[in-house]
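Novice: Just so you know, the sequences run in chain order A and B.
First residue of the first sequence? That's 1 in the numbering used here, and the numbers climb one at a time after it.
First residue of the second sequence? That's 1001 in the numbering used here, and the numbers climb one at a time after it.
Keep in mind the hints are simulated off the structure, nothing from the lab.
The structure presented is a predicted model; accordingly, all values stated were derived computationally and were not measured.
No residue lacks a Cβ here, since even glycine has one placed at the ideal position from N, Cα and C.
Check before you lean on any hint, since a few could be wrong.
Unchecked claim - Going by beta-carbon spacing under 7 Å, a handful of chain A positions derived as facing chain B: (1) F10; (2) V28; (3) A50; (4) P51; (5) V58; (6) I59; (7) G63; (8) I65; (9) V70; (10) M74.
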Amino acid sequence: MFDLIVFFFFAAIAVIFALMVILHRNPVVGALALVASFFALAVMYVLLDAPFMAALQVIVYAGAIMVLFVFVIMLLNLQHQKEERTRPIQQFLGFVSSAAFAIALVYYIIKFSVVRAASGPFVSDARAIGHSLFESYILPFEMVSILLLAAIVGALILSQRGQSKGAEQP
Amino acid sequence: MSFDATDITLSILKIAIVLGGMLSVTPLMVWVERRGSALIQDRVGPNRVGPFGLLQSLADAGKFILKEDIIPAKAHKVLYTLAPMFGLIPALTTIAVIPWGRSFVLPETTVFGRRLFEGGRLFEPIIADVSVGILLIFALASLSVYGLATAGWASNNKFALFGGIRASAQMISYELSLTLSAIGVLMVSGSLRLVDVVHRQAGYFVLFDAIKLPAWNIFPMFLGFIIFLTAAFAETNRLPFDFAEAEAELVAGYHTEYSSMKFAMFFMSEYMAMATISSLMVTLFLGGWDIPWYNEPPTLLGFLFSAGAFVAKVSIILFIFVWVRWTIPRMKYDLLMRIGWKVFLPLAIFNIMLVAFFIAKRWI
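When you get a sec, could you build the whole thing from the sequences and use the hints?
Specialist: Right, dumping it as structure tokens:
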């Protein structure tokens, strides 16, 4: 009963702040709303008996990635976006395609019942996750690592392009 | 899990003790800071209000409450008001997972004809003994930057904005070193629970079959401790790394526009964050509440001794914060970022390798 109250409270928070991310005009408020939504999501993990995932959710998404987002938004000092002139047909097509996508998503989730708890006891402590990452799934894990490394190197090369040689390293 | 009225009462008692301690950290530390800086700079310092100027902080608090609370006309009003709270909440909540004394059994007693603690009840001096304690601290500590960044942005002031931007860049950089330098401790204890981390440090290292050294993590991981201490200065925005406020360059940085209690909240969260990170440092590296060469009995007396030892160790670390602030001048900002990424991060990774080597050799 207590779990249910907590779930609905934080589910409401997550949904409200997620809506705020896309509906609010101010980019900084949107970014902070996304942080709140991530935080509410972390509570869901706690309710699912996965405190490790909850902590990682806050550290990685709310603590690291969103700090970077807020940093960039503030650095560029984005103010209220000027409303671009859009044709009614563009707006109409936008609404129709997103509605179609949403309906398709809900239909397939219900049809194939993706949302189903796995059988057996649910273990998600640090030890279990470490074992599965470094034993069962070592190859995909290493592949993702190399992909990320390539992305970092690519970003560095792109940011260096156009700068004169011998320029001060950032 | 079931709990009764006694459990709830004990929990409330624990929260009251910790919250009272945390709230009194700020006035005490302000006094230590002002008198300490006077000592270091060969001045007298505040000595008019109360004995040794001890009540100076109380007078300051009165001043803060009575000052006019100004919200700039062009500020983002909602975020401007929320920002000090964003700063204060992580600083107040993280302390909940840190154990601050030896657990002991409360004996059965009769108070006003009611029997309490039937058959004895274990009193654990920690508010929330969660299985991912240390991760929870890092998670909440990483949120504290939003207070500074939001304050800087919402003030609509270019100096404040610079302060907020610097704070976020600095925290991203030093959080990595802070977390990585603590991994050595977790490798040794094999648990994310801070109670286990403290219990792991209760024994002795015996050197050359003669010298008994307490099994604190600082001895095998001195490098990790130094990295953690330095990163802690950066995380709490203390000199020599206080670029978020840097009076000489940015007027007062992120809190330029703040006055009255909103400013006082930033002030409080800075000192509380210092207290929390010092407690974490003591728990991870200095044996927590463990008293070296002494075996605390599992009674009320042993608990009081161990809690006293914990407070004493935290006070020493807090004094180091003050000592460093009034001794080392502020660095250059680009130097801060450079040593963060190019010195401390590689050293922290080297520390992990070193600890892994020790463990493989079975030295610790």
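Novice: Each of the hints needs a verdict: does it hold here or not?
Specialist: Verification of the hints:
no., hint, in the structure
1, F10, "violated (16 Å)"
2, V28, "holds (6 Å)"
3, A50, "violated (10 Å)"
4, P51, "holds (5 Å)"
5, V58, "holds (4 Å)"
6, I59, "holds (5 Å)"
7, G63, "holds (3 Å)"
8, I65, "violated (10 Å)"
9, V70, "holds (5 Å)"
10, M74, "holds (5 Å)"
Consistency with the previously given hints fails for numbers 1, 3 and 8, ordered from lowest to highest.
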